[in-house]
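*Asks:* Listed below, chain by chain, are the residues.
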Amino acid sequence: MDWAYIESVLPLYGKAAWLTLRTGAAGILLATLVGLLCAAALYWKVPVLRRITAAYVELSRNTPLLVQLFFIYYGLPKIGVKTDPEACGIIGLAFLGGGYMTEAFRSGVEAVDRIQEESALSLGLTRFRTFLHVILPQAAAVSSPAFMANVIFLMKETSVFSAVSLMDLMFTAKDQIGLYYRTTESLFLLVSAYLLILLPFSLLGTFWERRLRHAGFGT
Amino acid sequence: MPDLGLEVLWKGKNFVRLLGGLWVALRISLIAAGISIVLGILLGVAASRKRSVSSAILRIWLGVIHIMPQMVLLFLMYFGTTRAFGWNLSGEVAAVIVFSLWGSAEMADLVRGAVTSIPAAQRESAEALGLKPTQVYRWIILPQAVRRLIPQSINLITRMIKTTSLVTLIGVVEILKVAQQIIEANRKASPNAAFGVYLTIFVMYYLACRPLSLAAKKLEKRWG
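Here the protein sequences line up with chains A and B, keeping their order.
Read in the working numbering, the first sequence has 43 at position 42, and its numbers run on one by one without any break.
Read in the working numbering, the second sequence has 20 at position 16, and its numbers run on one by one without any break.
Please keep in mind that the hints were generated in silico from the structure rather than gathered at the bench.
A portion of the hints provided could be inaccurate.
Stated by the list, open to error - Straight-line distance between alpha carbons at most 27 angstroms, and here's what the computed BS3-like set of lysine-lysine pairs gives:
hint, chain 1, residue 1, chain 2, residue 2
1, B, K181, B, K17
2, B, K181, A, K175
3, B, K192, B, K181
4, A, K46, B, K192
5, A, K175, A, K16
6, A, K46, B, K225
7, B, K17, A, K46
8, B, K222, B, K15
9, B, K17, B, K192
10, A, K83, A, K16
11, B, K225, B, K15
12, B, K192, A, K83
13, B, K181, A, K83
What the hints assert, rightly or not - Here are some, though not all, of the chain A residues that point toward chain B, as calculated from beta-carbon distances under 7 angstroms:
hint, residue
14, F72
15, V82
16, T84
17, L188
As the structure is a prediction and not an experimental result, all values here were calculated from the model.
Note that the Cβ used here is the ideal one computed from N, Cα and C, for glycine as well.
Could you build the full structure based on these sequences and the hints that come with them?
*Replies:* Right, dumping it as structure tokens:
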């Protein structure tokens, strides 16, 4: 292990890790939004939207992110929809994650007794306010283990971004191996960087789940 | 109507070549899934035993595999071990090893979850009736755990199929690589081939995974 070399490339990996974190966070945030909207559409049984949502969830959950990215990045420009690599990564992650998040929220929302909605409506809350203030907070407790698992899963999925020429951690490691044959050092840095990013999420997830189980929610 | 570049599929053997590529991906995932399920059951039963050193070590090992992106594991196997031990691995063999390791960790986790979810009274009653530990597993714990495990194992196979698309990034010629070759070769004749071909792959993956996840959902509902 050549520590001088490791020190010299640290900034490179720092930049790549920042890119992974940034795109991952943006994608997860978007995915959460998509998931909430879709879960609402399913909960309210909005006529046409409900069918579209169900189809979208199946489509996003049954195809690999890599294929989705290739389609967005190389396929869509042919019919006039162009994206830069970073936007493509974020959109791809949001497309994939949206489906998983919908499932997580749907199961939570379904676990809330319908009488909660009926009572809130009879108290004069609008359907939107009922969903936001009455249903979601109760659903959150049931949904959060799945939500946390999805966050970790999506963070891990960012590792395929290098396929659409995003200079993330995988890209940097492969580049260094190809250029200087620094296999051992590159892989060491790659693993360390991912551990640093993912371990906090994993620990937070475990901690959160334990709290919830203590409170008697979830399984 | 814009040119969607679908005509390239019917040129020569292009469609058959794509199917061949899909088969390479499916073959890797099915082999790895088979190994994972067998290994995972053994590891999971071992990890579900409380307070033993081996189960503690096992859990750390499973945790490490769990937390690393599959892409990183592939790199470690394909670039790392070949360098460290000086052996030669084809991309396909590396992929099977990595996905088996990852899959058995996932499967072990599912098995542990299923085994520990069975109420302690079941085991205690069986022991009170004089069954030996292996008999308790064989006749009491496993039959109940299996109901939970079958849908989850099917889901694992679906995930395995999806994850296998990564092998193109370590140079295995599977469906995405074949697609790139087809698009390159027809660059002049059908410049929009990228759209049609990648759309086709998207649909193919969907058709491969959808029946499995549907079956898992149905079984989950029936036995849930």
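*Asks:* Now tell me, hint by hint, if it's right for this structure.
*Replies:* Hint check results:
{"no.": "1", "hint": "K181/B with K17/B", "in the structure": "holds, 15 angstroms"}
{"no.": "2", "hint": "K181/B with K175/A", "in the structure": "holds, 18 angstroms"}
{"no.": "3", "hint": "K192/B with K181/B", "in the structure": "holds, 19 angstroms"}
{"no.": "4", "hint": "K46/A with K192/B", "in the structure": "violated, 48 angstroms"}
{"no.": "5", "hint": "K175/A with K16/A", "in the structure": "holds, 15 angstroms"}
{"no.": "6", "hint": "K46/A with K225/B", "in the structure": "holds, 21 angstroms"}
{"no.": "7", "hint": "K17/B with K46/A", "in the structure": "violated, 45 angstroms"}
{"no.": "8", "hint": "K222/B with K15/B", "in the structure": "violated, 39 angstroms"}
{"no.": "9", "hint": "K17/B with K192/B", "in the structure": "holds, 18 angstroms"}
{"no.": "10", "hint": "K83/A with K16/A", "in the structure": "holds, 25 angstroms"}
{"no.": "11", "hint": "K225/B with K15/B", "in the structure": "violated, 44 angstroms"}
{"no.": "12", "hint": "K192/B with K83/A", "in the structure": "holds, 21 angstroms"}
{"no.": "13", "hint": "K181/B with K83/A", "in the structure": "holds, 22 angstroms"}
{"no.": "14", "hint": "F72", "in the structure": "holds, 4 angstroms"}
{"no.": "15", "hint": "V82", "in the structure": "violated, 10 angstroms"}
{"no.": "16", "hint": "T84", "in the structure": "violated, 14 angstroms"}
{"no.": "17", "hint": "L188", "in the structure": "holds, 5 angstroms"}
In summary, the numbered hints that this structure violates are 4, 7, 8, 11, 15, 16.
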